[in-house]
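S.K.: Taken in order, these protein sequences are the chains called A and B.
Numbering of the first sequence is given in this note's numbering, commencing with residue 1 and proceeding in unit increments.
Numbering of the second sequence is given in this note's numbering, commencing with residue 1001 and proceeding in unit increments.
Accuracy of the hints is not assured; some may be wrong.
[Unchecked claim] For lysine to aspartate or glutamate, the following DMTMM-like pairs were computed, each having C-alpha atoms within a straight-line distance of at most 25 Å:
(1) A:Lys120 - B:Asp1675
(2) B:Lys1254 - B:Asp1449
(3) B:Lys1244 - A:Asp19
(4) B:Lys1302 - B:Asp1449
(5) B:Lys1175 - B:Asp1132
(6) A:Lys85 - B:Asp1616
(7) A:Lys6 - A:Asp55
(8) B:Lys1566 - B:Glu1506
(9) A:Lys153 - B:Asp1213
(10) B:Lys1142 - B:Asp1132
(11) A:Lys85 - B:Asp1213
(12) B:Lys1215 - A:Asp125
(13) A:Lys120 - B:Asp1199
(14) B:Lys1612 - A:Glu57
(15) B:Lys1614 - A:Glu124
(16) B:Lys1614 - B:Asp1682
(17) B:Lys1215 - A:Asp20
(18) B:Lys1244 - A:Asp17
(19) B:Lys1215 - A:Asp55
(20) B:Lys1478 - B:Glu1376
(21) B:Lys1406 - A:Asp31
(22) B:Lys1244 - A:Glu22
(23) A:Lys153 - B:Glu1678
(24) A:Lys85 - B:Asp1132
(25) B:Lys1614 - A:Asp125
(26) B:Lys1612 - A:Glu124
(27) B:Lys1244 - A:Glu84
(28) A:Lys120 - A:Asp55
[What the hints assert, rightly or not] Partial chain A-side listing against chain B, Cβ under 7 Å, derived:
(29) Asp31
(30) Cys42
(31) Tyr103
(32) Gln118
Don't read these hints as lab results, they were simulated from the structure.
The C-beta atom is built at its ideal place from N, Cα and C for all residues, glycine as well.
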Amino acid sequence: MSITIKLTVNGTPRSLDVDDPEMPLLYALRDQLGLHGMHFGCGLAQCGACTVHYDGEALRSCVMPISAVAGANIVTLEGLGTAEKPHPVQQAFIDEQAAQCGYCINGMIMQAAAFLAQNKNPTEDQVRQALAQNLCKCGTHVRILRAVMRAAKQMS
Amino acid sequence: MLDAQLSRRAFLKTGGALVVTFTLAPRMGPAHGAAQPQKSVDPNEVASFLAIDDKGMVTLYSGKVELGTGAITALTQITAEELSVPFDRVTTVQGDTALTPNQGPTYASLSVQVGGVQIRRAAATARDTLLDLAARRLNVAKGDLAIRAGVVSAKTGGDGVSYAQLVGDRTLTVKANPSAPLKDPKDYTIVGTPVPRLDIPAKIFGTFSFVHDFKLPGMLHARMVHPAAVGAKLQSFSDAACRKIPGYVRAVRKGNFLAVVATNEWAAIRASTAISATWSAWAGLPDQARLFEYVRRSKAAKVEVIQSAGDTAAAMKGGGTILRATYDLAINTHGSIGPSCAVADFSDGRLTVWTPTQACHLLQPQLAVMLGMKPEQIRCIFVEGAGCYGRNGADDCSAEAALIAKELGRPVRLQWMREDEHGWDPKCPPTLLDFSARIDEQGRIAAWDSDLFLPEQPATRSGITLLACSLAGLPAMKFGDPIYNPQLGIPYILPNNRLTAHWLAETPFPPAWLRSPAAMQNTFAHESFLDEIAAVTRTDPFEIRIRHLTDRRGLELIERLRAFAKWEPRGSRARDSGALARGRGLSYVKYEAVRTYVGIVADVTVNRTTGKVKVDRMFVAHDCGQIINPDGLRNQIEGNVVQTVSRTLVEKLTFSRSAVTSLDWGSYPILTFPDVPEVAIDLIDRPNEVPWGAGEPTTSVVPSAIANAVFDATGARVRSVPFRPATVLAALAAAPRS
Chain A
1 MSITIKLTVN
11 GTPRSLDVDD
21 PEMPLLYALR
31 DQLGLHGMHF
41 GCGLAQCGAC
51 TVHYDGEALR
61 SCVMPISAVA
71 GANIVTLEGL
81 GTAEKPHPVQ
91 QAFIDEQAAQ
101 CGYCINGMIM
111 QAAAFLAQNK
121 NPTEDQVRQA
131 LAQNLCKCGT
141 HVRILRAVMR
151 AAKQMS
Chain B
1001 MLDAQLSRRA
1011 FLKTGGALVV
1021 TFTLAPRMGP
1031 AHGAAQPQKS
1041 VDPNEVASFL
1051 AIDDKGMVTL
1061 YSGKVELGTG
1071 AITALTQITA
1081 EELSVPFDRV
1091 TTVQGDTALT
1101 PNQGPTYASL
1111 SVQVGGVQIR
1121 RAAATARDTL
1131 LDLAARRLNV
1141 AKGDLAIRAG
1151 VVSAKTGGDG
1161 VSYAQLVGDR
1171 TLTVKANPSA
1181 PLKDPKDYTI
1191 VGTPVPRLDI
1201 PAKIFGTFSF
1211 VHDFKLPGML
1221 HARMVHPAAV
1231 GAKLQSFSDA
1241 ACRKIPGYVR
1251 AVRKGNFLAV
1261 VATNEWAAIR
1271 ASTAISATWS
1281 AWAGLPDQAR
1291 LFEYVRRSKA
1301 AKVEVIQSAG
1311 DTAAAMKGGG
1321 TILRATYDLA
1331 INTHGSIGPS
1341 CAVADFSDGR
1351 LTVWTPTQAC
1361 HLLQPQLAVM
1371 LGMKPEQIRC
1381 IFVEGAGCYG
1391 RNGADDCSAE
1401 AALIAKELGR
1411 PVRLQWMRED
1421 EHGWDPKCPP
1431 TLLDFSARID
1441 EQGRIAAWDS
1451 DLFLPEQPAT
1461 RSGITLLACS
1471 LAGLPAMKFG
1481 DPIYNPQLGI
1491 PYILPNNRLT
1501 AHWLAETPFP
1511 PAWLRSPAAM
1521 QNTFAHESFL
1531 DEIAAVTRTD
1541 PFEIRIRHLT
1551 DRRGLELIER
1561 LRAFAKWEPR
1571 GSRARDSGAL
1581 ARGRGLSYVK
1591 YEAVRTYVGI
1601 VADVTVNRTT
1611 GKVKVDRMFV
1621 AHDCGQIINP
1631 DGLRNQIEGN
1641 VVQTVSRTLV
1651 EKLTFSRSAV
1661 TSLDWGSYPI
1671 LTFPDVPEVA
1681 IDLIDRPNEV
1691 PWGAGEPTTS
1701 VVPSAIANAV
1711 FDATGARVRS
1721 VPFRPATVLA
1731 ALAAAPRS
């Protein structure tokens, strides 16, 4: 009794057959489309490791039912930029070497990119607030802040 | 000194029979499958750390693995430097029982200090051997040769010969020479430079493969159904509801071990919640509200004096003032952002496990005992997971995956859910410390006595038992891998000093190491207590430390930190009188009494009304000897600071009488961006000294620096970690009015 969901992922129209309309978007992206920028962290929208862009906004894909994103335009870390054509936030994270284990970094980059798209020249406090719901256990925060501030300068 | 270091963990035998092998065989990467490549890994016979291929590309086979600390980049730098080849010519195969030598688990800040030194020795022997060959080939005296980018030529010029040409089509087997000449650090061009991390770009572009991303053809997905209580027995279960889920395959039950398997991940998750299981009642945990009474009452398996000078018992008697303080630290979970995950495949009587463990070579024999197999029938291949900071759920999850795979005879991927990781990873145990001192009439520390209450080491316990063994009732391998370095104590010279360890026979949860195990707890207490003595004797915190140190490097670090933090004695700074009180605190350690020196000055703001402590800034001075990668080192120090500020201010496991109740990030909060301090670092580089570890030492000084700053700000002593608002408000209420 599968249903078909159509959506756009990283610019490509996709048609997905799913058994359960409640299945979170995360599993469609990872297990059906083979993308793995985003990760399962908590399944509770508490940590941010699964973040993708939904029509340009940061979205926790671990709790968003696939049926609720029909027709949506989804961008993942893979679609944000590439080694050849990096997004300014990705370049800034490399320039600042802003990763330790890197498991949370998808969420940091996606959250920051969505925030910077709407907020030019933010203060560091604004960036801290924007990332307040993204968790990192390695303690990479000081580098992540530097990277986002660097990207903000680039993008303004 | 090194002996004390080596005794900490069992696998650290260095030097001697290491064998460096050069081959022209194709490089062997981590093959996907159970086939065992024919490559020796036994460091006592034919262990091979290095291979050079016909293009001059070097492969490093490292038993130490990348846990997010930058270790592999640093080990690659060491290899390239010592071999005099460009950095980008070295690739690394890490953590594979079939391919890499057993260099011991990746823990205890030993990847560079021990693993790196082993690798450096192998590379130095290799270079020396290649120079011998080149001398013969070029008919030039060895001392007149130079190496540039893997090409040897006479210093005076002329044609050179490459490493690949020198090795030719032979396999050269060379015993590592412990006295093979090491490169002079003044000639270093790679070690000591901030080479960018090898793994970062792929992690930034989403092309990196964590173990969570690893797939095998025909792979099934599993989820665990862990017991409702720690010691609960599975009385019955029904998977009738699961059978309605498309993709559901079956349940796997062995005793109290229950898992569900499906063809896709979401179906496995649905099945794990749809399954109906009846567990026996169990309520064997202590009352959390009285945890430290429980710890104090716990029977000690052994009481051991682990540091002693003079006659402390006698010196406690006499005139002056007696000070006493008790410190405690809550239970912590490792809190990896990615829950543990492993892929296992059992076929043709062989088991292969792709695992994020710190210790492939330790997991292999554990799995063998659990499954009744021979170790050589099992291959453990490391694939990076989320940061673990110690023994998190990785090994337990890997063993559970192995058990399911053996049951199914098909490859299976098991990922823990958030509540599995928070609920079932082994824990950093609760720690209690009692301190007392006599200050004589001249204000000197006449006696210093301390007692540490910690679970006994697994070596004398039943070992760290894999969860799957406990649940399924399968045999567990005992291994004597200590949780703590018993090399605890204080870094100061005192005439009468004693540290007594009470190794407890019981503790609420299976204990395991979490970054800076026991050292963080012990350092928190002794650095807090020294600060209490400084306050009572009206001595500046820097001065009291200098007064009791003779160690030249320690004193230099202290002076560097004092200048770096622009420290001024308390007397010259007025205490804030409003709701917000600012203060500064100092803490210092010589890590585990034998290595890395670290000092921190913490700047904090305490809100007297709410009890909230905000760490504004941390000034860190750090001396780990020779620095391999200064940027990687800074990244580690920053991580140590921020992670431990989180443990100091926020983190605390909660539990009922039956089970862990802090099963998510709401109930086990960690530090978030708005509360992250600035971190300023002063690195002391000593290129001519041996490199020491940096993965843990900074952690050990964080809680006490904060506690001492809270006192400096308010006059209140916080002695119970974490310093949550209620704890701080109670301390403020108890503090004398100033």
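S.K.: For the pair we were handed, Lys1142 of chain B and Asp1132 of chain B, check the Cα-Cα distance against 25 Å.
M.R.: Judged against 25 Å, a Cα distance of about 6 Å means the pair holds.
S.K.: For the pair supplied as a hint, Lys1614 of chain B and Asp125 of chain A, is the alpha-carbon distance within the 25 Å limit?
M.R.: Holds, because 15 Å separates the two Cα atoms, which is no more than 25 Å.
S.K.: If you draw a straight line from the CA of Lys1254 of chain B to the CA of Asp1449 of chain B, is it 25 Å or shorter?
M.R.: Violated, at about 50 Å.
S.K.: Tell me if the straight-line CA distance from Lys1175 of chain B to Asp1132 of chain B falls inside 25 Å.
M.R.: Judged against 25 Å, a Cα distance of about 14 Å means the pair holds.
S.K.: Given Asp31 of chain A as an interface hint, is its Cβ closer than 7 Å to any Cβ of chain B?
M.R.: holds, 5 Å
S.K.: Check the hint pairing Lys6 of chain A with Asp55 of chain A against an upper bound of 25 Å on the C-alpha distance.
M.R.: holds, 15 Å
S.K.: At a threshold of 7 Å, is the proposed contact between Cys42 of chain A and chain B supported by beta-carbon distances?
M.R.: Constraint on Cys42 of chain A satisfied, holds at 4 Å.
S.K.: Please check whether Gln118 of chain A passes as an interface residue: C-beta within 7 Å of a C-beta belonging to chain B.
M.R.: violated, 18 Å
S.K.: Would you mind confirming whether the straight-line C-alpha gap from Lys1215 of chain B to Asp55 of chain A stays at or under 25 Å?
M.R.: violated, 30 Å
S.K.: Between Lys1614 of chain B and Asp1682 of chain B, is the straight-line Cα distance small enough, at 25 Å or below?
M.R.: Within the cut-off at roughly 22 Å; holds.
S.K.: Would the pair Lys1215 of chain B and Asp125 of chain A pass a check requiring their Cα atoms to be no farther apart than 25 Å?
M.R.: Violated: Lys1215 of chain B and Asp125 of chain A sit about 41 Å apart, past 25 Å.
S.K.: Measure nothing beyond the straight line between the CA atoms of Lys1215 of chain B and Asp20 of chain A; if it is 25 Å or shorter, mark the hint as holding.
M.R.: holds, 23 Å
Violated hints, in rising order: 2, 6, 8, 9, 12, 13, 14, 19, 24, 27, 32; the structure is consistent with all others.
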